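Here my numbering is used: the first residue of the sequence shown is 4, the next is one more, and so on.
Keep in mind that a hint or two might mislead.
[What the hints assert, rightly or not] Dumping the calculated DSSO-like pairs for lysine-lysine here, alpha-carbon to alpha-carbon at most 27 Å:
#1 Lys17 with Lys84
#2 Lys17 with Lys122
#3 Lys52 with Lys146
#4 Lys84 with Lys122
#5 Lys16 with Lys146
#6 Lys16 with Lys84
[As the list claims (entries may be wrong)] Cβ pair distances, simulated, as ranges:
#7 Val135 with Asp56: 17 to 23 Å
#8 Val57 with Lys17: 32 to 38 Å
#9 Gly108 with Asp56: 30 to 36 Å
#10 His111 with Ile25: 25 to 31 Å
#11 Ala106 with Ser60: 23 to 29 Å
What the hints contain is simulated information worked out from the structure, not anything from laboratory work. Quantities reported herein were computed from a predicted structural model and do not represent experimental measurements. Just so you know, even glycine gets a beta-carbon here, dropped at the ideal spot from N, CA and C.
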Amino acid sequence: MRKNKIFEKYLNKKALFVLRLIIGGLFILSSFNKLYDPEHFQAIIMMYKILPDVLVSIFAIVLPWVEFVCGILIVLNCYAKSSALILSAILIAFIGAILLNLARGLIHDCGCFDVFGFKEDISVIVIFRDLVLLGLTVLIYLKTGNSGFKYSKKLG
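Based on the sequences and whatever the hints tell you, model everything.
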């Protein structure tokens with residue numbers, strides 16, 4: 004029985020490590036084009052018609068850096084719990100913005116993964132994907148201990 008619990012704990016650690024790589028990697032990847040072309044990302048944010056114009060450019064600059072840094076921290080397991088909480092809040096905001104725009108009848112580029120020319124319009128599928136990502140970031144939040152830079156050398 005004891006061996007089974009050790010194996011289960013080891014398996015859970017490995018699964019959590021893979022999950023952190025996937026979620027962290029996705030947010031790092033999604034930040035690339037936004038960081039490379041903030042004007043394009045700003046135009047996409049304008050299409051959502053939610054933020055006041057004065058905040059759009061600030062949001063277009065800050066959000067990709069938050070995604071990038073949180074993605075890196077989740078992969079490295081440094082402040083992964085805090086980063087997962089931040090990314091969960093961002094995903095909730097994304098889901099709300101997409102739902103609002105779909106309810107308004109506005110269909111446009113979601114601005115999610117514009118890297119490598121991949122363009123995707125907002126849709127129920129994007130909401131479903133974001134709900135899955137939200138569930139996974141919440142799982143990282145729940146299963147990850149409080150860790151700072153002192154644990155960064157231990158990725159697992």
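Here is what the structure says about each hint:
1. For the given pair, lysine 17 sits about 17 Å from lysine 84 by alpha-carbon distance, which is consistent with the 27 Å threshold.
2. Under the criterion of a C-alpha separation no larger than 27 Å, the hint pairing lysine 17 with lysine 122 is inconsistent with the structure, at around 33 Å.
3. As the CA atoms of lysine 52 and lysine 146 are separated by approximately 36 Å, the hinted pair breaks the 27 Å bound.
4. Between lysine 84 and lysine 122 the CA atoms are separated by roughly 30 Å; this puts the pair beyond 27 Å, and the hint is violated.
5. Of the pairs offered as hints, the one joining lysine 16 and lysine 146 holds, with about 9 Å between alpha carbons and a cut-off of 27 Å not exceeded.
6. Distance restraint check for lysine 16 and lysine 84: the Cα-Cα separation of roughly 15 Å lies within the 27 Å cut-off, and the hinted pair is therefore satisfied.
7. Checked against the hint of 17 to 23 Å, the pair valine 135 and aspartate 56 fails, with Cβ atoms roughly 32 Å apart.
8. Checking the proposed 32 to 38 Å range against valine 57 and lysine 17 shows it is violated: the Cβ atoms sit about 46 Å from each other.
9. Between glycine 108 and aspartate 56 the CB atoms are about 22 Å apart, so this pair departs from the stated range of 30 to 36 Å.
10. Taking the beta carbon of each, histidine 111 and isoleucine 25 are about 27 Å apart, inside 25 to 31 Å as hinted.
11. For alanine 106 paired with serine 60, a C-beta distance near 26 Å keeps the hint of 23 to 29 Å intact.
Figure legend: structure checked against the earlier numbered hints; hints not met, in rising order: 2, 3, 4, 7, 8 and 9.
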